[in-house]
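Visitor: Residue-level listing of the chains:
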Amino acid sequence: MAGLILRRLLQLPLIILVVYTATFALVWVIPGDPVDAPEGRRPPQAVIDAMRAQYDLDDPVTFYFSYLGKATGISWLLGDAPEPFDLGPSLKNPGWTVNGILAAGLPVSIALGLAAIIIALVLGLSAGVLGGLRPNTWVDAGTQALAVIGISLPSFVIGSLLLAIFAVRLGLLPIGGWGNFSHLVLPAVALSLPFAAYIARLTRFGMIDEMRKDYVRTARAKGLPERQVALGHALRNAFLPVLSYLGPATAIAMTGSFVVEKVFAVPGIGRHFVDAVLAKDITLIMGVVLVYSTMLVLFNLAVDALYSWIDPRIRI
Amino acid sequence: MAKICIPLLLLAALVAVVIGFEDRRPRADFVYVHMSDLFTLDPQKMSYQHDLRMAKAIYEPLVAIDPRGGVVPAAAESWEVSDDDLRWTFRLRDDLRFTNGDPVTSEDFKYAWRRGLLPDSAGPYSSFFWVIKGAEPFATWREAALALHADPDSRDEIVAGGRIDPAEADRILAETPEETLQRTWRRFDETVGVETPDDRTIVIELERPLAYLLDYVAFMTWSPVHRPTLEAATTVDAATGRLREDPAWAKPGRLVGNGPYELVRWRYQRDCRIERSRHYWNRDAVPLDTIEAVVIEDPNTAIMAFLAGEVDWMPDVTAEQKSDLLAQRQAYDERHADTIAQGLAAGESIDDILAALPTPEAGERRNLHALDAFGTDYFQVFCGPELFDGRPNPMSDPRVRRALALAIDKQAISERVTKVGENPAPTLVPPESVPGYTGPEGLPFDPERARAELDAAGWIRGDDGVRRNAEGDAFPTIEILYSTGSPRYRGNSLALRDMWRRELSIPTEIRGRPGKDYREKVEKGEYMVSRGGWFGDYGDPTTFLDMHRTGDSNNHRDYSNPAFDRLLEQAAVENDPAKRFEILAEAERIVVEEDLPVIPIVTYKTLYMYEPGRVRGITHHPRLEQHPARWRIEEN
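If you read the sequences in order, they're chains L and H. Residues 941 to 1256, numbered by my numbering, are exactly what the first sequence covers, in order. Residues 13 to 648, numbered by my numbering, are exactly what the second sequence covers, in order.
Derived from the structure by calculation, the hints contain no laboratory data. Beta carbons are placed, not taken as given, at the ideal position from N, Cα and C, and that holds for glycine. Careful: at least some of the hints might be erroneous.
Derived BS3-like pairs: lysine-lysine, alpha-carbon spacing no greater than 25 Å straight-line [stated by the list, open to error]:
1) L/1162 <-> H/431
2) H/334 <-> H/431
3) H/431 <-> L/1220
4) L/1153 <-> H/15
5) H/15 <-> L/1220
6) H/533 <-> L/1162
7) H/334 <-> L/1220
Chain H side only, calculated, beta carbon under 10 Å to chain L, not exhaustive [said to hold, decoys possible]:
8) 34
9) 49
10) 53
11) 197
12) 199
13) 200
14) 201
15) 205
16) 207
17) 248
18) 250
19) 252
20) 307
21) 506
22) 624
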């Protein structure tokens, strides 16, 4: 266990370096110019040139190493930079640093993503267990139908629908924004549905499978109530595929909620992915990608650790 | 089960902690929507509409634009102009304070203008300062001095350019960047026409008379900045000698303004909150204590937020369903047509009339407002003798351009394509937008006359339906270039294509390009006809006419008419405002009736949503100069 964590942590810098290099190459070849304004008045050429020089935008090699050094904290360790993990200033947003933008948006996205995953687990597991225990009945058909809808309806449709019903018509919840638990409910539900649907299907198949196995028969034979058989024994094993899905799912929920963030005006980092690429805000792109890939690696690690905790037979 | 639940509970606790750390404040007195975040609150660097609007709350220039488009005193209480119209002396109020309590002096204005002019710190509207005597040469001189520091080897080239004299170039080369900076400040004081005889007096000496100077200095670029704050954020780059500013000075906690409001919170892509300044000279006349601009990018969500009452004003309704909303407003207007007409005839404001009417029924609304804007949607025609690919350009003949314009049914475009009730534009300057100015009549929709113009230009339609000139060459296919940024652009282009094909038998195609690509092609003149639009920056017809001068940096049409240029020169030195407007109207007539380098299509409309009677102080004047310190909420 400790060995695994150590090995994974040692791999982390390597993975990050590969991701950084690949992103860097892609960013540099996409057309566009980060210091050019797409609309509005353009600054004089001299101002553009000065900005380019200031951020090493005229020299990709210098940019690659200096940004990498500052972002990872190596420059700071070497005494070249005043602070560690400096992701630089946002090129498109004067006066905002990438660190500041991420510090403001990341907690929001994390809270939203986690809330969505919690809802998805509760909904998905309940639906999956219900359907899995009574396969091919109307309960099963009903939950599966809901799951299909959850997967196939795009979140901007669900989002607008939720807003129109719960916020505009019933006036129960706020339209958008952030700051209270009430702000969290609708976007978290909208974000959770595709995950819930997938979890429901995984659980259902797992339950159907497990309930046929010998240990379930044994449990029943020794007189355990059906509820305990299902939830105490079968679900524990049926949950394992869900668990391995949870690692990437959580990372996606926490960072990939571009549409949901937009529909509900949630100030998370999901939109920066898209906006930064469209604006070719190189530092913001690199910063978001570095943080995201680090999170992805760490979540997969957490899931692996949970694996052996939930099912002690698994030794990794 | 327990093993599954424990991690879940931990995650839930984490969510609670994150939410718990949020900065919560009560709803502001007035909340309005930004479709995208503010870009900058640095008055010398801003150019976006929503930045300029917020800046009006945070800064205050010498004068302001009132709700009817006129000029009123702001930081200056009075002014006078010399007999030759070249020296403007402004007298500041004696109780001006920054939001931190420091007094505002004439030096703060001078400092801000110098900063806005200096290439190191200049922004997109830097050339606004070039009306000041000596300002433009100063800016190019500074640029040359910086170029010398950046590359001493280029000395001969720079001196040959005439921007700097050889002896001074050598002295600069021998200096440190810091010394050159001191030299720059001295040069500004000696050569640029801004004087500050005392703390409350500021004098602008102009290069040449500028009839609309007062309107011009109401633009936010002319706002003062707090000198100590800026100086703390400025360093000299040792390598290049350039001044470098930390843009974070214009953020809450650091920004110090002289306007009616103080910036208290600005969260990236989220919201911007201002509170009434305790030090503003006219603070008792500012109605609202707190104002907040929230970012809602999704237009549908923004409309729902308005309908749910979370937002008081939506300045840019761009949602797909805007024509539905507009139809609902029209239904309401129609039912009360008589009452509205009577009220308007009696001189009441439309908002008062609407507020007094009964509540809208299902399928009606009164909270959507389509207002004429200070901008014109047009198509521009490349006028040079040769096209970018070397072919001769048939549209270099004004008769051909007139034919193209006469064949466009603008009313049909407004009704069937743009569908927000925009008025067909006869002229470039939106009608009745500049007090005292009456533009020309413009060209009507007259296909008959259009064909006659084409015939006169020598493009005769043959029996095969193809127009050919005397040499027998067929009229080349016109390609209409448009930006794919909005469906509207494509729709307008398609309409033109069909009209020209139908009315003129000219082969026409459309060609959409992504925004940036489109702009590059337009700027390089690599197009035949392209869609465009222009919003005025200040309240004078020249804001729409200057771009047709020969060689103007915004003249992407290669248009040149000496008679037009002469009229603009004449207007520039004309002292009598009425005569000046007559000259400008004649200049505009040349553009929109004779030469048609651009073909005006419609006057833009801006769609607002707010509850009439409840939200007060939103002006309907085409300049749409909304001033936060004039907004009020009246709860019934």
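Visitor: Does each hint fit the structure? Answer for all of them.
Guide: Results for each hint:
1. Restraint check: the Cα-Cα separation between residue 1162 of chain L and residue 431 of chain H comes to about 75 Å, which exceeds 25 Å; the hinted pair is violated.
2. About 9 Å separates the Cα atoms of residue 334 of chain H and residue 431 of chain H, which keeps this hinted pair within 25 Å; it holds.
3. In summary, the hint linking residue 431 of chain H to residue 1220 of chain L is not supported, as the alpha carbons are separated by about 34 Å, beyond the 25 Å threshold.
4. Our distance criterion of 25 Å between C-alpha atoms is met by residue 1153 of chain L and residue 15 of chain H, whose separation comes to about 22 Å.
5. As the CA atoms of residue 15 of chain H and residue 1220 of chain L are separated by approximately 45 Å, the hinted pair breaks the 25 Å bound.
6. Restraint check for residue 533 of chain H and residue 1162 of chain L: not satisfied, since their Cα atoms lie roughly 81 Å apart, outside the 25 Å limit.
7. Proximity of residue 334 of chain H to residue 1220 of chain L is assessed by CA-CA distance (about 31 Å); at most 25 Å being required, the pair is judged violated.
8. The interface hint given for residue 34 of chain H holds, since its Cβ lies 5 Å from the closest Cβ of chain L, which is under the 10 Å cut-off.
9. Here the hint on residue 49 of chain H is kept, as its CB sits about 8 Å from the closest CB of chain L, short of 10 Å.
10. Nearest Cβ of chain L to the Cβ of residue 53 of chain H: about 8 Å, under the 10 Å cut. The hint holds.
11. Checking residue 197 of chain H against chain L by beta carbon gives a least distance of about 19 Å; that is not within 10 Å, so the hint is violated.
12. Because the smallest distance between the Cβ of residue 199 of chain H and any Cβ of chain L comes to about 18 Å, over 10 Å, the interface hint for this residue is violated.
13. Here the hint on residue 200 of chain H is broken, as its CB sits about 17 Å from the closest CB of chain L, past 10 Å.
14. At a threshold of 10 Å, the smallest CB-CB gap from residue 201 of chain H to chain L is about 23 Å, leaving the interface hint violated.
15. Restraint check, residue 205 of chain H versus chain L: the minimum CB separation of about 21 Å is more than 10 Å; hint violated.
16. Restraint check, residue 207 of chain H versus chain L: the minimum CB separation of about 26 Å is more than 10 Å; hint violated.
17. Taking 10 Å as the C-beta cut-off, the interface hint given for residue 248 of chain H is violated, the closest approach to chain L being about 13 Å.
18. Annotation: interface hint on residue 250 of chain H violated; nearest CB of chain L at approximately 13 Å, more than 10 Å.
19. Interface restraint check: residue 252 of chain H against chain L, minimum CB-CB distance 7 Å, threshold 10 Å, status holds.
20. Checking residue 307 of chain H against chain L: minimum C-beta separation of about 7 Å stays under 10 Å; hint holds.
21. Evaluation of the residue 506 of chain H hint against chain L yields a violated restraint, the C-beta minimum of about 23 Å exceeding 10 Å.
22. The restraint placing residue 624 of chain H at the interface with chain L is violated, with a minimum CB-CB distance near 21 Å, outside the 10 Å limit.
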